[in-house]
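Q: One letter stands for each residue in the lines below.
There are 2 protein chains.
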Amino acid sequence: MTRASIDLTPALDQIASEMDRQFDLLLRVPDDSRRTLFQAMRHAAIGGGKRMRPLLTVATAEMFNVDRQRALRVATAVECIHVYSLIHDDLPAMDDDDLRRGKPTVHKAFDEATAVLAGDALHALAFEILADEETSPDPFVRSELVFELARASGPSGMAGGQMMDLAAAHDSFDLSAVTRLQQLKTGALIGVSVESGAILGRIPPEGRMGLRGYARDIGLAFQIADDILDVEGDADVAGKALNKDMAAGKATFLSLLGLDRAREQAGLLVDQAVRHLRGFGHEADLLRAVARYVVERDR
Amino acid sequence: MTRASIDLTPALDQIASEMDRQFDLLLRVPDDSRRTLFQAMRHAAIGGGKRMRPLLTVATAEMFNVDRQRALRVATAVECIHVYSLIHDDLPAMDDDDLRRGKPTVHKAFDEATAVLAGDALHALAFEILADEETSPDPFVRSELVFELARASGPSGMAGGQMMDLAAAHDSFDLSAVTRLQQLKTGALIGVSVESGAILGRIPPEGRMGLRGYARDIGLAFQIADDILDVEGDADVAGKALNKDMAAGKATFLSLLGLDRAREQAGLLVDQAVRHLRGFGHEADLLRAVARYVVERDR
Numbered sequence: 001m002t003r004a005s006i007d008l009t010p011a012l013d014q015i016a017s018e019m020d021r022q023f024d025l026l027l028r029v030p031d032d033s034r035r036t037l038f039q040a041m042r043h044a045a046i047g048g049g050k051r052m053r054p055l056l057t058v059a060t061a062e063m064f065n066v067d068r069q070r071a072l073r074v075a076t077a078v079e080c081i082h083v084y085s086l087i088h089d090d091l092p093a094m095d096d097d098d099l100r101r102g103k104p105t106v107h108k109a110f111d112e113a114t115a116v117l118a119g120d121a122l123h124a125l126a127f128e129i130l131a132d133e134e135t136s137p138d139p140f141v142r143s144e145l146v147f148e149l150a151r152a153s154g155p156s157g158m159a160g161g162q163m164m165d166l167a168a169a170h171d172s173f174d175l176s177a178v179t180r181l182q183q184l185k186t187g188a189l190i191g192v193s194v195e196s197g198a199i200l201g202r203i204p205p206e207g208r209m210g211l212r213g214y215a216r217d218i219g220l221a222f223q224i225a226d227d228i229l230d231v232e233g234d235a236d237v238a239g240k241a242l243n244k245d246m247a248a249g250k251a252t253f254l255s256l257l258g259l260d261r262a263r264e265q266a267g268l269l270v271d272q273a274v275r276h277l278r279g280f281g282h283e284a285d286l287l288r289a290v291a292r293y294v295v296e297r298d299r
Numbered sequence: 001m002t003r004a005s006i007d008l009t010p011a012l013d014q015i016a017s018e019m020d021r022q023f024d025l026l027l028r029v030p031d032d033s034r035r036t037l038f039q040a041m042r043h044a045a046i047g048g049g050k051r052m053r054p055l056l057t058v059a060t061a062e063m064f065n066v067d068r069q070r071a072l073r074v075a076t077a078v079e080c081i082h083v084y085s086l087i088h089d090d091l092p093a094m095d096d097d098d099l100r101r102g103k104p105t106v107h108k109a110f111d112e113a114t115a116v117l118a119g120d121a122l123h124a125l126a127f128e129i130l131a132d133e134e135t136s137p138d139p140f141v142r143s144e145l146v147f148e149l150a151r152a153s154g155p156s157g158m159a160g161g162q163m164m165d166l167a168a169a170h171d172s173f174d175l176s177a178v179t180r181l182q183q184l185k186t187g188a189l190i191g192v193s194v195e196s197g198a199i200l201g202r203i204p205p206e207g208r209m210g211l212r213g214y215a216r217d218i219g220l221a222f223q224i225a226d227d228i229l230d231v232e233g234d235a236d237v238a239g240k241a242l243n244k245d246m247a248a249g250k251a252t253f254l255s256l257l258g259l260d261r262a263r264e265q266a267g268l269l270v271d272q273a274v275r276h277l278r279g280f281g282h283e284a285d286l287l288r289a290v291a292r293y294v295v296e297r298d299r
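Residue numbers (UniProt numbering), protein chains in the order written: chain A, 1 to 299; chain B, 1 to 299.
Note that these hints are calculated values from the structure, not bench results. Computed from a predicted structure; not experimentally measured. Think of the CB as a built atom: it goes at the ideal place given N, C-alpha and C, for glycine as much as any other residue. Some clues are possibly wrong.
Claimed, not checked - Just so you have them, the derived chain B footprint on chain A, three or more residues with Cβ under 8 Å:
#1 33–42
#2 116–125
#3 140–153
Unchecked claim - The list that follows gives simulated cross-link-like pairs (lysine-lysine, DSS-like), each with its CA atoms no further than 30 Å apart:
#4 B:K103 with B:K250
#5 B:K50 with B:K103
#6 A:K103 with A:K250
#7 A:K50 with A:K103
#8 B:K250 with B:K50
#9 A:K244 with B:K103
#10 B:K250 with B:K108
#11 A:K108 with B:K50
#12 B:K244 with B:K50
#13 A:K50 with A:K108
#14 A:K108 with B:K244
#15 A:K250 with B:K250
#16 A:K108 with B:K108
#17 A:K103 with A:K244
#18 B:K108 with B:K50
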């Protein structure tokens with residue numbers, strides 16, 4: 001089997017069932033008036049989703065021989081942030097989506113107040129998980145994980161990127177503005193998904209440069225592929241409404257580059273991402289396969 | 001001057017101006033399409049508010065000779081969480097308030113999407129501040145601060161309490177249910193406001209028992225006083241709409257106990273809070289004064 005032909009399906013299936021199990025254990029419904037909150041968190045966090053970010057975390061952690069249970073805890077924290085952001089982004093005041101991962105969005109299945117709180121609760125839970133001694137016996141590792149994830153979630157990460165995205169509906173964004181927007185909105189969390197595996201493996205910042213470059217490139221490739229799927233994809237497979245950006249008149253990689261150049265650019269980014277891994281051997285094959293999956297996926 | 005007669009005004013004025021300065025430095029408006037996000041965060045975080053939680057943090061930290069700059073950073077993180085919760089609680093889908101701290105709420109001054117994101121961004125920022133080496137050179141201290149604040153903010157803290165509060169409008173809550181609700185909704189964050197000062201001072205958990213008891217008692221006294229102010233207070237002084245719980249038919253300490261017993265109970269809790277500090281000398285006078293302020297304040 002050559003490096004290029006590794007089959008990602010077993011790894012994707014495994015992480016999907018591991019994430020469902022983690023959230024099932026973490027979100028036991030209490031017998032008090034918070035039960036709806038926990039049901040809403042479970043609705044959003046369990047079942048569905050590609051689990052690409054958790055896969056990146058465990059795949060990177062595995063390269064540095066990190067215990068899988070610890071890696072799964074960090075992957076769960078990263079996915080908490082991703083799921084919280086989906087719940088809030090889907091709200092009527094934001095992107096106003098009814099369908100997510102093939103199910104009604106949280107504010108549709110429950111109500112808006114519950115959706116706001118379920119997102120908030122998952123946001124806090126991510127940091128509680130990371131700061132817990134079970135995640136790492138080394139407080140420096142815990143603290144560094146929290147710092148990186150908090151940055152990726154805050155005003156200079158996802159929240160900032162989502163604000164830019166709302167502005168994109170009325171401001172005119174060029175390619176560099178869209179790139180910056182996406183680096184914040186989706187790139188920062190993909191970056192920390194990869195980097196957190198290396199932090200768990202106690203790799204110092206200077207040893208993480210290649211992984212950072214890899215994450216930056218697949219983050220952009222992921223977004224270009226998303227823009228293409230938004231126009232060319234199948235809503236049933238995607239499990240959410242498509243064609244939204246185009247309808248809102250938002251500048252995207254696709255609207256700015258056109259289909260052919262967008263596809264070409266995504267391919268170039270994947271090649272470049274893989275080149276960033278040249279310092280690693282077979283232990284990075286899973287990351288190489290994820291890079292290809294990012295642009296070849298159908299949802 | 002006896003212990004009972006310490007004047008809290010200078011300490012309240014000082015922490016108010018220090019908090020405004022911290023947020024002013026932290027939330028510099030960037031020259032990109034995130035500017036509205038930062039303006040909304042500044043609108044909510046700067047000016048107004050009693051700053052009681054930050055005062056508790058710096059007052060406790062001072063008892064253990066913690067550097068004031070470090071204490072202020074932790075106080076800012078705690079206040080980030082408080083402000084974020086106010087922004088989200090005020091949303092139309094939640095308590096639907098137009099006025100907060102004498103100013104229009106964030107979704108009124110800006111819009112709902114910006115309010116959701118400004119809250120989210122402040123939520124993340126709190127953990128970024130705590131996990132930063134500038135807050136403490138000791139990673140164990142940083143990690144412990146994050147863990148305690150995340151718990152206070154999440155499903156077993158504020159978010160859980162707010163969910164119970166939404167349920168209180170249609171379920172019938174007795175005194176023990178209201179007590180539990182408020183321990184989560186307001187008590188948990190008041191608890192961490194106090195305890196974080198001791199964590200910064202490297203006081204081990206067994207040395208924090210008195211402070212925990214103090215925080216639990218003033219937390220409940222604070223909420224009883226809030227329920228009384230909601231009915232008897234002046235909306236102009238409070239800077240927000242009053243009489244909301246009564247109008248919504250929610251069970252509160254006041255509706256369950258009546259005015260006289262509620263006042264008496266608040267007084268007993270303050271006495272009990274002060275007794276929890278008996279192991280400390282004059283260095284705890286500020287905390288003793290805060291305990292009295294909690295029930296004597298007019299907003």
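Q: Please go over all the hints and tell whether each is borne out by the structure.
A: A quick look at each hint next to the structure:
no., hint, in the structure
1, 33–42, "holds (count 6)"
2, 116–125, "holds (count 8)"
3, 140–153, "holds (count 10)"
4, B:K103 with B:K250, "holds (25 Å)"
5, B:K50 with B:K103, "holds (14 Å)"
6, A:K103 with A:K250, "holds (25 Å)"
7, A:K50 with A:K103, "holds (14 Å)"
8, B:K250 with B:K50, "holds (25 Å)"
9, A:K244 with B:K103, "violated (35 Å)"
10, B:K250 with B:K108, "holds (25 Å)"
11, A:K108 with B:K50, "violated (37 Å)"
12, B:K244 with B:K50, "holds (20 Å)"
13, A:K50 with A:K108, "holds (22 Å)"
14, A:K108 with B:K244, "holds (27 Å)"
15, A:K250 with B:K250, "violated (44 Å)"
16, A:K108 with B:K108, "holds (24 Å)"
17, A:K103 with A:K244, "holds (18 Å)"
18, B:K108 with B:K50, "holds (22 Å)"
In this structure, the earlier hints numbered 9, 11, 15 are contradicted, and the remaining ones agree with it.
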